[in-house]
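First to last, the protein sequences are chains A and B.
Heads up: the first sequence begins at 1 in the working numbering, then just goes up one per residue.
Heads up: the second sequence begins at 1001 in the working numbering, then just goes up one per residue.
Take the hints with a grain of salt, since some may be wrong.
Think about it this way: if two alpha-carbon atoms lie no more than 20 Å apart in a straight line, the pair counts; the simulated EDC-like pairs of lysine to aspartate or glutamate are [unchecked claim]:
| # | chain 1 | residue 1 | chain 2 | residue 2 |
| --- | --- | --- | --- | --- |
| 1 | A | 126 | B | 1327 |
| 2 | A | 211 | B | 1327 |
| 3 | A | 163 | A | 189 |
| 4 | A | 211 | B | 1289 |
| 5 | A | 126 | B | 1349 |
Some chain A residues judged to face chain B by a derived CB distance under 10 Å, without partners named [stated by the list, open to error]:
| # | residue |
| --- | --- |
| 6 | 18 |
| 7 | 22 |
| 8 | 24 |
| 9 | 29 |
| 10 | 57 |
| 11 | 66 |
| 12 | 145 |
| 13 | 146 |
| 14 | 147 |
| 15 | 152 |
| 16 | 183 |
Simulated from the structure, these hints should not be mistaken for laboratory data.
In this text the structure is predicted, and so the values were computed from the model without any measurement.
Just so you know, even glycine gets a beta-carbon here, dropped at the ideal spot from N, CA and C.
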Amino acid sequence: MTPGQSGDPRLRPVLVVDDHELVRAALVGSLREEGISAYACTQVSISGILAEAATLPPGVVLLDLDLGVGPGGEHIDGIDAIKHLRATGWTVVVLTGSPGPRAGRIAAAVAAGAVGQVPKVSSFEKLIGMVRQAVVGAPLMSQEERRAWLDRDRAERSVVARKAELLSRLTARERFVLEQLATGRRAAEIATESVVSVATVRSQIRAILIKLEVGLQLGAVALLRDGQE
Amino acid sequence: MGRAATSVGYRWARSTDRPGTVRDLVGVSVVGAGVIGLVVLIGQSGVLPTDDLQDLLVLGTVGLGTAAALLGDVAGRLTGEVRPGWIAAAVALYTLVVVPSGTLWPEIAEQEPAVALGMRSAAFAVLVVLAAVAIRPPVDLAAPWLGAGVGVLLVIAVGEAAVLFPLPGTALAGAGVLTGALAVAWVLASCWLVAQGVLTRDPVVWWMALGMVLVGAAHLHRLVTGAEFEHPDTGFGAVRLVGVLVMLIGMLRLVRGGLLAVRAENWELEEELRIAATHLRRARHTAAERDHELRNGLAGLAGITRLLSGGNGNPEHEQLRTAVLHELSRLAAMVEDDQAEVPGPASFDVTVALSEAVTLRHAEGADIALESPPGLRATGRPEVLAQVMGNLLGNCARHAPGAPVRVLAVAAGPHVVIEVADDGPGIAPGLEGAVLRRGVHDLRRAGHGLGLYVSRDLVAGAGGDLRVLPNTEGRGCTVVVELPRSATNPQPAAAVGAVATSTEAVGR
């Protein structure tokens, strides 16, 4: 692989956003060795990323979606940065860790405007090849692939909306009871803490099951959990 | 009756049932007195012919009795209690044999009093036995119905016998006394059950027994007044109906108790299930986070390794670097929980994979000779061969420390055959197949006996085979790995493909 591209006017900067320092350093180093002008983004907050991106001419940003936990304990979601980065002329490529359970997140990122995803684990050659493609503006996914991701995102959204609709049927008290159930509390414990009888809690649980249209407490808890994630 | 539902634990709580019991008792007394009064009133007023009223009462008794018997059986099975089954069998025998016998076929009683008396006595005898057994029932759910069946047969047999061997008048009077004694026994057994039910605070038992007392007392009254074999009067029919109704209420309470117990048990199981699922979820979440960290760490290490010794010209360092990278990618593939990214059957260069595996061992000072023609390719993923070679060479180092090892790879028809042979002590003749099983290993050496087993599984998963060759020359151990061979100039594998795409992109 010959670099030989340093004078290419199409060569745009690559900004690597990942909360894992070693990964970030390795990516930047590898890309630089391939003659790509790569920069590590030292910030992982959304505003910090946008500020660092503003110091460079628009190029390609390699964006990790899970940027760890912010100072307030909240999860920083890379997807939130995609729209702003796109608006300032950046091409967004999602860096993915594990493909399976995160497919919904990738779909959301594609829907937000990411042009593709590169796995940071499997092979650096593959990763570098894809970054090169992104730098010169070549598409990273076919129209069909893109449509499949968008369909997937739409399906996920409708499921999420349905779950939110079901959960909105609950009263504040029922919602509280369901949240307690989801943390693994027993009905008797909830009753003692709320100073009501177990029978009251049970009838509340029964009402929750009916409103959420599930047969088992397990289903209600899963619905709450999936609705939150 | 409602408050039981709130406090029911595993067993349907009995003591808390008392207020409901008093209410039910009063209700049944009022309804019962009402029914009896109404029937007597109708009978006297002549609105309905006595025969029709009789038939109505018998129909009602048979209907309620059948329901009580079925419920009792179901409830007994539901709650796992045996007593309701015995009472149910007695109720069934009574409503289906005794009730119709005197009423629907009064001709028999008139023309053949001996036959009727015999059959009636036999039925009563079986009933008393069933009621007595119900006081201290054995644990067998089928036995009550067997008892009832025997009762029916006995009644028929006694009827036949009475026809064949007509008894003289004195014996007839004796049989009458016997029937009376049986009725007394029936009432006593029922009273005993009532007392037991009250003492053990088991309302179900004393409800059912109370019904039996009413029915028995009605019969006893008719026997004492000598009216038993005459056309039954409407008052008797009404009392009997109320008696059966009380039994039905007892059975209903039992079924309700059983259902509540089942529901409570369901509730507890569901709660346990939910809590277990919460724990499982938490554990899965922790594992996923750890995997995420591992993945990131491995990716970072691979990237750094790639950068560190790049281009210092030392071929040995280059080989080591490649081996480390390969090991890292193998570990990354193990952490990967979804292989969906890897498309179809890829292929890889066997010689490259083998030399990487051998180089790692060289660095540890092993004496390994590798012979593999360039360009030899197999279908599948190189990680599998890397792990298998790691296991096999590790075995050699463990079982034949310091002994030279030969690794030979050749193309043989549709296969790539890789031979790994050492000059160690080898495997005892006849054990070549056994060492491939899980947990079988040489007791003198370390290890868990999983290496060869896992290796064979891995190779089989890749569509190949792993064999241990018989130890012919008395020395050394030879393992043969067969992998499906790939076409000489293959479709690009994942990594090769990425490079190809990148050059393509550059060339554009």
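Consistency of the hints with the structure:
no.	hint	verdict
1	126(A) <-> 1327(B)	18 Å, holds
2	211(A) <-> 1327(B)	52 Å, violated
3	163(A) <-> 189(A)	27 Å, violated
4	211(A) <-> 1289(B)	33 Å, violated
5	126(A) <-> 1349(B)	18 Å, holds
6	18	8 Å, holds
7	22	3 Å, holds
8	24	8 Å, holds
9	29	4 Å, holds
10	57	21 Å, violated
11	66	7 Å, holds
12	145	13 Å, violated
13	146	17 Å, violated
14	147	18 Å, violated
15	152	13 Å, violated
16	183	7 Å, holds
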